[in-house]
Each structure stands twice: as structure tokens, then as C-alpha cells.
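Taking the hints into account, I'd like the entire structure generated from these sequences.
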Amino acid sequence: MKSGDFYGSEKGLTVTQPGSAAIEFVAADGGVTPLKTGIPLLADEIIDCAVMNARELRSFYAEEIARAKAENVLLSLHVKTTMMRISDPIIFGHLVSVFYEDVFAKHGGALAEVGVDPDNGVAELLTKIRDLPEAKRAEIEADIDAVYSKRPELYMVNSNRGITNLHIPSDTIIDASMPVIIRDGGRAWGPDNELHDTVAMIPTAPTRRCIRRP
Numbered sequence: 000m001k002s003g004d005f006y007g008s009e010k011g012l013t014v015t016q017p018g019s020a021a022i023e024f025v026a027a028d029g030g031v032t033p034l035k036t037g038i039p040l041l042a043d044e045i046i047d048c049a050v051m052n053a054r055e056l057r058s059f060y061a062e063e064i065a066r067a068k069a070e071n072v073l074l075s076l077h078v079k080t081t082m083m084r085i086s087d088p089i090i091f092g093h094l095v096s097v098f099y100e101d102v103f104a105k106h107g108g109a110l111a112e113v114g115v116d117p118d119n120g121v122a123e124l125l126t127k128i129r130d131l132p133e134a135k136r137a138e139i140e141a142d143i144d145a146v147y148s149k150r151p152e153l154y155m156v157n158s159n160r161g162i163t164n165l166h167i168p169s170d171t172i173i174d175a176s177m178p179v180i181i182r183d184g185g186r187a188w189g190p191d192n193e194l195h196d197t198v199a200m201i202p203t204a205p206t207r208r209c210i211r212r213p
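0 is the number of the first residue of the sequence shown in numbering that gives the first Met the number 0; add one for each residue after it.
It is possible that part of the hints are untrue.
Stated by the list, open to error - Straight line, CA to CA, 35 Å or less: simulated DSBU-like cross-link-like pairs of lysine-lysine: (1) 79 - 68; (2) 35 - 79; (3) 1 - 149; (4) 35 - 1; (5) 149 - 68; (6) 79 - 135.
Claimed, not checked - Using C-beta positions, here's what the derived DEER-type ranges look like: (7) 126 - 148: 19 to 27 Å; (8) 54 - 157: 28 to 36 Å; (9) 147 - 8: 30 to 38 Å; (10) 126 - 16: 50 to 58 Å; (11) 34 - 144: 38 to 46 Å; (12) 16 - 104: 48 to 56 Å; (13) 33 - 148: 44 to 52 Å; (14) 112 - 146: 17 to 25 Å; (15) 71 - 33: 42 to 50 Å; (16) 26 - 144: 35 to 43 Å; (17) 42 - 157: 49 to 57 Å.
Just so you know, these hints were derived from the structure itself, not from any lab.
Ideal Cβ positions, reconstructed from N, Cα and C, are used throughout, including at glycine.
Okay, here's the thing in C-alpha cells:
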């Protein structure tokens, strides 16, 4: 991302006297929703906050999807989507909903009906649509296959089992995936169980700067 990530929005300050803070969501219409209140602050404590702009994140994903398709390389996302991180599963989910945009646009109602959440990956989607009528399930599966014909091929977490980078969020762990891709010269495993060049998306600038090419 060129802008709109945590690094670009980060702000910090030193507390001058003891007190408390709150985290609030302010909607476009001015409505305020408290997210957390009563956060204790100590004198001379440094507090820091940052936000990720979802609109810019999704635009970044769309651009990189198009680039990977045009260059005929794999598409891969590298974040730390584990229980240790709150933001990264959401960042992961935005890519799922952008990559499969046609499916969510056409079948959003049916997917919501069975509780599909893109943050939980494609594996959950494929499992939950089994609860839909057979004809609807088959239609969604056909539209997912149509997405694969139009999108770049995905980096595979397990190419032998057909598990893509977008199947299960807990399989997307940057400190496990990127060292291997770097070792293999910027290549990753594709659906054909062979190594291919890949677009390696790392939306958060501090992480990206740690592993970028000198």
C-alpha cells in the first residue's frame, strides 16, 4: 500500500498527567459508538494509535490482483492471521471478499443466511453453503470456479490438497511463508505443485520494510 495503512496513520503522544482514555467509532453521520472506555493512563506514559483505511486496502488488493493476472504470476497474501492479532484476520477477510467479489455480489444474501464471514476464509464458505438447497449450492460453486478462470492463480498453502492462501486464515502466517519464498528466489507453490513467481502482498508497511529487497 502506498498510503492508508497503520504506518501512515500512526499518532503518538506522551501523557502529562494520570487519567483515562476511551476508544470510539465516529460514523459518517456523526453518531458515536463507544468501543472501549475507562482505559487507565499513567503520567509520562506514551500512547499510540493507528488505523487501516479499508477503502485503500481494497483498492490495493484490486490493483495487485490485476497486476498478477497481467504478469501471469501467482497472487499471495502475507500477514499473521492468528489469534495473536486482531487486525490481520480482518485484513485477510477483505482480500477474500475482493478476490471473490463476483460471488459475494451475486450471492450475498444466501451467504449471509448461512453465516459466511469472509474473515474465516474460503474453506468455511465451502462448508457452510452445504446447508443451502442443492441447486443454490451448485450455482455458487460454479461461480467460484468462474472466479478462478478470471483471476490470477493463488499461492498454495498445500498444493497436494488444493488448499489456497485464502482457504484458512490461521494458515496465513508471514513469518513462516515469506522466508520460504525468499529462499526460493521469490517463487511460491502454485496449484500445479510447481514453483512460480508470485506477487507477495504485505499490506502493512513496517513488516514490508523489514523484508524488502535492499
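Review point. Is the hinted range of 35 to 43 Å satisfied by the C-beta distance from residue 26 to residue 144?
Key: Distance hint for residue 26, residue 144 holds at roughly 38 Å.
Taking the Cβ atom of residue 42 and the Cβ atom of residue 157, is their distance within the range 49 to 57 Å?
Given a distance of about 52 Å, which is inside 49 to 57 Å, the answer is holds.
35 Å limit on alpha-carbon distance, applied to hinted pair residue 79 and residue 68 | Holds, at roughly 25 Å.
Pair hint outcome, residue 1 versus residue 149 [Cα-Cα no greater than 35 Å]:
Within the cut-off at roughly 26 Å; holds.
| Between residue 35 and residue 79, does the CA-CA distance stay at or below 35 Å? | Holds, at about 24 Å.
### Task
For the range 17 to 25 Å, tell me whether the beta carbons of residue 112 and residue 146 fit it or not.
Holds: the Cβ-Cβ distance is about 20 Å, inside 17 to 25 Å.
Exercise. With 30 to 38 Å as the target window, see if residue 147 and residue 8 comply at their CB atoms.
Key: Distance hint for residue 147, residue 8 holds at roughly 34 Å.
(Q) 50 to 58 Å was suggested as the range; check whether the CB atoms of residue 126 and residue 16 agree with it. (A) Because 53 Å falls inside the window, the suggested range holds.
Is residue 79 close enough to residue 135, meaning Cα to Cα at most 35 Å?
-> This hinted pair holds, its Cα atoms lying about 34 Å apart.
Does the Cβ pair residue 16, residue 104 satisfy 48 to 56 Å?
Holds: the Cβ-Cβ distance is about 51 Å, inside 48 to 56 Å.
Status of the given 38 to 46 Å range, CB of residue 144 versus CB of residue 34 = For residue 34 and residue 144 the Cβ distance comes to about 39 Å; the hint holds.
*CA of residue 149 to CA of residue 68, is that 35 Å or under?*
This hinted pair holds, its Cα atoms lying about 8 Å apart.
Checked against the numbered hints given earlier, the structure satisfies every one of them.
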